[in-house]
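*Asks:* Each chain, letter by letter, is given below.
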Amino acid sequence: MSQPQADNPNYRKRAASGHLIACAILGLLLTGCTSAPSVPPPVVESGTQHSPKDAPAEPTDAELKPPAAANPATLALMDRSAVAARDGDVRGAMVLLERAIRIEPRNPAPWIDLGHLHLLSGALVRAEQSARKALALADESTASGLRAARASWLLIADIRDKQERPVEAASIRARWDRLTG
Amino acid sequence: MHPLNVHSSKNLPMNASNPRAQRYNDVMRWLKRLLLLFGGLSLVASIALGAYLYHLDGVITEIFDGRRWALPATVFGQPTELYAGARLSRDELTAELTALGYRQRAHVRSPGAFQQRGNALVIHLRPFRFMERERRETIVEVAFAGGAISELHEQPGNRRMDLVRLDPPQIGSFYPNQGEDRLVLGPHEVPRLLREGLKAVEDQNFDKHPGFDIRGIARAFWVNISSGELRQGGSTLTQQLVKSYFLSNERKLSRKLRELAMAVILDARYSKADLINAYINEIYLAQDGARAVHGFGLGAHYYFNQPLAELAPHQIALLIGVIRGPSYYNPRRNPKRALERRDLVLTLMHRQQLINDDELALAIEQPLAVSSGTGGSVYQPAFMDLVRNQLRDNYSSESLTDEGLRVFTTLSARLQRAAGEAIEESLTEIETSRGLEAGSLQASMVIANAQTGDLLAVVGGRNSSYNRALNAKRQIGSLFKPVVYLAALESGRYNLASVLRDEAISVPAGRNQPDWQPKNFDGEIYGNVPLFQALAKSLNLATVSLGMDVGVERIGQRYGELIGGEAPPAFPSLLLGALDLSPLQVARLYGNFASGGFDAIPNPVIAVLDANNLTIDGFPIALRQTIAPNVSEQLTAALMTTMSHGTGRRSPFAKSGIAGKTGTSDGNRDSWFAGFDGRHLVVIWVGRDDNDRTPLTGSTGALAVFNKLAEKIGVEPLPPIRGEKLDPQTGLRSREACGEVITLPLPDNLDLPYVDGCGDSIRDSIRAWWSR
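Here the protein sequences line up with chains A and B, keeping their order.
Here our numbering is used: the first residue of the first sequence is 1, the next is one more, and so on.
Here our numbering is used: the first residue of the second sequence is 182, the next is one more, and so on.
So here's chain A without its partners, still in its complex pose (with noise of 0.2 Å):
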């Protein structure tokens, strides 16, 4: 495994903006969103049938509250994976994430924040399928599962801008940037 050692500087530079990406990514699925979304693009180009999450039904303003009832594990793992990516431990921070997921795995938000510590890393394929994962894993039906589709989608656009596809980035930025009016 190639992963970056935690005593590089301009490793723990990149991890500190990390944490801002994911504190960000974390505070919108806290907090929700308060307008409705677009189509998303569809995954992989296989198939032509049009399930319902390709199609989120639009939720209402009182669909998109808080989610009640978040495993507290979860997000205390998430929590300390965030403040050991801050200090510079990415590793530390990634085997936090794993925990998280290992008792929650289909809570789409940890695999999320594992998709930025990969970005991070500069780990791009694996950054893309751990977004793929959580939108995978994402009802959009729901309003959480609607902010994690939305996050994961960002998620993807940053990988696109690493990638140099910057149109890419902007449509897909363009889509779901409206959800947060």
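Hints should not be assumed to be uniformly reliable.
Pulled a few chain A residues facing chain B out of the computed Cβ check, cut under 7 Å [claimed, not checked]:
{"no.": "1", "residue": "Glu98"}
{"no.": "2", "residue": "Lys133"}
{"no.": "3", "residue": "Ala136"}
Label-pair ranges, simulated between beta-carbon atoms [unchecked claim]:
{"no.": "4", "chain 1": "B", "residue 1": "Ala326", "chain 2": "A", "residue 2": "Arg165", "range": "45 to 55 Å"}
{"no.": "5", "chain 1": "A", "residue 1": "Leu124", "chain 2": "B", "residue 2": "Ser578", "range": "49 to 59 Å"}
{"no.": "6", "chain 1": "A", "residue 1": "Arg165", "chain 2": "B", "residue 2": "Arg831", "range": "28 to 38 Å"}
{"no.": "7", "chain 1": "B", "residue 1": "Gln738", "chain 2": "A", "residue 2": "Leu124", "range": "39 to 49 Å"}
{"no.": "8", "chain 1": "A", "residue 1": "Leu124", "chain 2": "B", "residue 2": "Ser672", "range": "22 to 32 Å"}
{"no.": "9", "chain 1": "A", "residue 1": "Glu164", "chain 2": "B", "residue 2": "Asp696", "range": "54 to 64 Å"}
{"no.": "10", "chain 1": "A", "residue 1": "Leu124", "chain 2": "B", "residue 2": "Arg317", "range": "36 to 46 Å"}
{"no.": "11", "chain 1": "A", "residue 1": "Glu164", "chain 2": "B", "residue 2": "Lys836", "range": "44 to 54 Å"}
{"no.": "12", "chain 1": "B", "residue 1": "Gly328", "chain 2": "A", "residue 2": "Arg165", "range": "41 to 51 Å"}
No wet-lab data here; the hints were simulated from the structure.
Beta carbons: idealized from backbone N, C-alpha and C, even for Gly.
Following the hints, complete the assembly by docking chain B onto the known chain A.
*Replies:* Below, chain B without anything else, positioned relative to chain A:
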């Protein structure tokens, strides 16, 4: 001696005439010669002895220093996580703690103990170095409500905790080829009673003698003479240590002298503290199959499933007693003899004032209390095969056997136990109810985390060391069918309600070969069937017809993509699973379906850490999306229908929100089940080692094992399916008011009529009538 000198003395004139003086001179001359000869020989012998001792010194110090640092890698399973909401009842947690060697006490005073307080458990957790942090010993109070953990508090102080882990189970170690396994302990980890007790029993003058003990030998000699049997050995602990390094029971004087010399050298070179600690880590205590249990650290786990530091005086006395003859005093095979020996050791400890009167009385009252099995539930050979496979490429065998590596893996000890029990219990039931020879059936099982692909449990067989989960490749039969249906759904030309033709089919098999004419399992022909029913009922004719339309090559290619490997040869028989796979390979294939469309390499190792707890290698969760979410959702729904209305319908868990597929190979030689719920993917094979026929299908063999497993570990339902309500028989639209319905995701705007008389309008009824 120079001949000239002799000659010159001979010619002395004063002695020449005296014969007595002459004789005297002769004698003296010879004496001198002898002395010179002896002196010369002594010098040569001393040089030779010196060289030999120098050689021995080199040998023994190299062994001693080498052995002091040769630490087999230890392998750990996943720790059980405790947090509010975790589905773990008080009884289940008690069982987990017991399996880890925790003892129930009236009050918790030291690590490794727990107590019941009302409906809560108070656990004194042992310290443990986890992957990312070290946990000090911690007291945690766990409250329960409704079969789950409701709250966690650290004591004293009653501080609320979000989560805490039990220590992970040790599931194996990489001992060297000669079979020596050990858990090396530092001096601070050894109880004083063990150190002093060893001296009291084996070598009372240890602190004073220079490596051998004349008084000890004399005493042993006297005891043996007076009792008329061999009761005591005269070897010091140092001599025993040397002896155990060479693993020889040869009774030769030369060997004894060699041992003695080495003992003296060791004693001169190293401190007594070093020597006794080496002894404690070295001495042979038991044979467990191919594995030789060395040292008290592993001995404590092997006999009591507890760390050495937690042992009570009677347990320490038993271990000391066993040294004299690990087979003769084996407490599992010869409990009476072992008990007598233990009590003798306790008496000697008492005589040396290592324990007081009360402690002696209490210890003598204790039963032997050795754990059942070998070392509790640790040591999982089938899983360890996979760990070895994963590490083989990056680690030399020396690094694994010598460097004290710590390997963290994904194994769940709870699931591993449940899997083994489920196989044993259900196969025994099947053999009894069907009048089969006891032990004639074999089975293997793989359990994985459905979302991450982590391997959680691997059972290689029943009372057998052959790892069928890894090595036995068997025809998978109908387990292949979901790949055919996946390719069909992905083609865009089919949906779950599409009508397939189940009718006799004849496929050309090439020049000079008779056409391939598959049959349904029951020999019937079903005519028009909805696609989901064809999969649920595992209809061969409808599947072949569908597969031929989609293209065998495309299906083979899709299979290769799912497992990250090569496509198999595109023979039409592939459509009905003419493909030999091991249960692990099936787990990889079905991992794609269980995870919502992701392939994961089933790596058992999470991380390898060195002896200083620095991560050498990490194997993060690595996924690869292989199926679009909307297609994956349809396939999962179809596999759930297979359980609720198809070949899995007889399972008591058929309608509990699980998805799965049964498989039976030609002649009922292989009975398969692969299924998943919200948490676990399970693959089970049942059959015979000689590949003979069995009376079992997938649903009466492997699915029965799954049912037993689900009884033990419970089921976490998959998220409910959303979609259209259909009549399960015809696959037409229906309503609850018209009878049983199943819900399946269908393409938007699909023109599918209502079942007869169930439409919401005359138009639907007319359409339904026309579509018949």
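*Asks:* Evaluate each hint against the coordinates.
*Replies:* Comparing the hints with the structure gives:
| no. | hint | verdict |
| --- | --- | --- |
| 1 | Glu98 | 6 Å, holds |
| 2 | Lys133 | 6 Å, holds |
| 3 | Ala136 | 4 Å, holds |
| 4 | B:Ala326 to A:Arg165: 45 to 55 Å | 51 Å, holds |
| 5 | A:Leu124 to B:Ser578: 49 to 59 Å | 36 Å, violated |
| 6 | A:Arg165 to B:Arg831: 28 to 38 Å | 52 Å, violated |
| 7 | B:Gln738 to A:Leu124: 39 to 49 Å | 26 Å, violated |
| 8 | A:Leu124 to B:Ser672: 22 to 32 Å | 31 Å, holds |
| 9 | A:Glu164 to B:Asp696: 54 to 64 Å | 56 Å, holds |
| 10 | A:Leu124 to B:Arg317: 36 to 46 Å | 39 Å, holds |
| 11 | A:Glu164 to B:Lys836: 44 to 54 Å | 51 Å, holds |
| 12 | B:Gly328 to A:Arg165: 41 to 51 Å | 50 Å, holds |
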